[in-house]
Amino acid sequence: MAETDDLVERCRAGDQAAFRELFRRHRSDVTRLAQRMVGGSADLEDVVQEVFLQVHRSLKDFRAEARFSTWLYRVTVNVVLMYRRAARSRPVFSEAPEGGLPIDTGSLPDERAGGRARVRAFYRLLDRLSDKKRTVFVLHEIEGMAPTEIAKVVAAPVLTVRTRLFYARRELVQLLREEPALAMLADELSFATTGTGDDPASGRASRKESP
Amino acid sequence: MRPRGEIEALRQVTREAAADAPPELDWERMEQRLLVANDSRPRWPSEPRSARPALWKSRLALAGVAATLAVAAAFALFGGSARVQPVPRGLMSALPTERDIDGDALAEGAVVRAGAELVHVRHAGRATWTLGPGSVAHLASRGEFLTVALDEGVVRSRVVPSPRAESFAVEVGATRVAVHGTVFSVRRDGDQALVSVTEGTVVVGPLAVRGRTEGFSLPAPSSGSFFAGGLAGPLQGRAAEFVAPAAAAPSPAAASPESPAHARGERVPGAPSDADLERVTQLVADGVQQCFSSSTSQGGDVRVTLRTTLRFSVQPDGSVVSPVFDPPLAPAVHSCAAPLLADMRFSASRRGGKFSRKLDLQR
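Note that the protein sequences, when read in sequence, are chains A and B. Residue numbering for the first sequence follows the numbering used here, beginning at 1 and increasing consecutively. Residue numbering for the second sequence follows the numbering used here, beginning at 1 and increasing consecutively.
Just so you know, these hints were derived from the structure itself, not from any lab. Treat the numbers as computed from the prediction; the structure is a model and nothing was measured. Where a beta carbon is used, it is the ideal one built from N, C-alpha and C, also for glycine. One thing to keep in mind: the hints can contain errors.
To be verified - Simulated DEER-style distance windows between Cβ atoms:
1. 69/A <-> 124/B: 32 to 42 Å
2. 58/A <-> 4/B: 40 to 50 Å
3. 311/B <-> 174/A: 27 to 37 Å
To be verified - Covered stretches of chain B (chain A as the covering partner; in silico rule of three or more C-beta atoms under 8 Å from a C-beta of chain A):
4. 27-34
5. 123-134
6. 269-276
Claimed, not checked - To give an idea of the chain A side of the interface with chain B (calculated C-beta under 7 Å), a few residues:
7. 26
8. 35
9. 115
10. 129
11. 130
12. 131
13. 148
14. 151
15. 165
16. 173
17. 175
18. 176
19. 189
20. 190
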């Protein structure tokens, strides 16, 4: 923590070596969040680069009472939202980039393929949420941030963050069946829970009969 | 009834997404580009550091030099050679500070100076020109032909596409760089005009034939240095001068980026940019629409609409494989459109990608 503060101070003083070190320490975090916010877009590198350019330019505005990581997340979120706004004004292409998603080496090939398809579908659903709802969902559910910290990142009251989270989850659940890969997963999980492959009503009946 | 399966599925796929490791980007190159910000030499950060270090010290007049660059934005429909290098977004912001000026509030002759900062001059709906650090320019004309005279340094311009030829121009001494919609930068270097085209295509020619320019063609991404023997004199130039100094061919063909972008020391994006995709597929879409109109029989007042999707894969070298229409087009329309598909080509990228574009064809 103190080390980061020292780096920040040196960056503010124009020390390029310090900025390089700051970049190296935080580039993976920024990339991970940016990827989750933009959904594996091919422009990820541009987004990450823009984040650090903004950091370089705005470090003078960073106040030491806030955590640097929180401030960095805030910058990242803002850059991603700007990027998305700009992207919305461009023509839409459906893209399936080769090698765009990391390889999960812990599963069988068909499971890997299924997992990738599900994650892609998941990002398509996320893409349909409003910016505000998607941001808090990604920060909380995927990044694991507490609502109090998210509130600082998005500059909103904690209650607002919780409300957005609630509606984001609800909307995703409602949309989920529109993605075949996720609908199939829902069916499988429903089957595993209820012990039948039928509708949830029959599932409830079978649970009642269980001891 | 609670959608238990959906809730569980959402939980699981969220966990799967969270388990994804972030991709490894080209950190070294990004780091180098970020640190360009510390270089006080007035140049665009995307330019090679080693390129022409002494250029900026020259303040020689450009008397006797005349050239005109005009955008050939309506380049041949089936040319297929146009490439778009993504604009290095945000690079300008690497420099310490920036300043915005309302260009429409400037009087003709107003001088704009950039100190250590970038200065963006915006003319609503027409163009934005940005002066690099240490550069000086003045507004030569704010009328029908919006004209900026570059007195020193470098100016980068983003021009709103216009049906008028030469709706915007940058003058460097007697050199004129005129466009009607593209992104380009002009640097003054003694008796030469150094031009770098990021989007679109420019043609360099003598000032005497303003509006009907003939001469060197510079398709993006390419650069060139030009000088002429007089206001209407013959133009001399070397394309790709400061992008690839070794390639000194006195032909505009040298600027045509047949070599991989990374071989020319340029930034290679991960995948074709949206602008690149839009431009190339729009050419195809327009051509297919023409094929559809001409190859299908007329049915009086009956309006026929066909919706299809063009799917294709782009290789890292920019070539296109397996372009197909889904659903397929009628044989006659497909035969007509085949040359368009064969000519599709994108800027080089690291991994290419698979893309699709919906087409609504109407007759």
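So, going through the hints one by one against the coordinates:
no., hint, verdict
1, 69/A <-> 124/B: 32 to 42 Å, "holds (40 Å)"
2, 58/A <-> 4/B: 40 to 50 Å, "holds (45 Å)"
3, 311/B <-> 174/A: 27 to 37 Å, "holds (30 Å)"
4, 27-34, "holds (count 5)"
5, 123-134, "violated (count 0)"
6, 269-276, "holds (count 7)"
7, 26, "violated (12 Å)"
8, 35, "holds (6 Å)"
9, 115, "holds (5 Å)"
10, 129, "violated (12 Å)"
11, 130, "violated (17 Å)"
12, 131, "violated (18 Å)"
13, 148, "violated (20 Å)"
14, 151, "violated (21 Å)"
15, 165, "violated (12 Å)"
16, 173, "holds (5 Å)"
17, 175, "violated (9 Å)"
18, 176, "holds (5 Å)"
19, 189, "holds (4 Å)"
20, 190, "holds (3 Å)"
Of the numbered hints stated above, those contradicted by the structure are hints 5, 7, 10, 11, 12, 13, 14, 15, 17, listed in ascending order.
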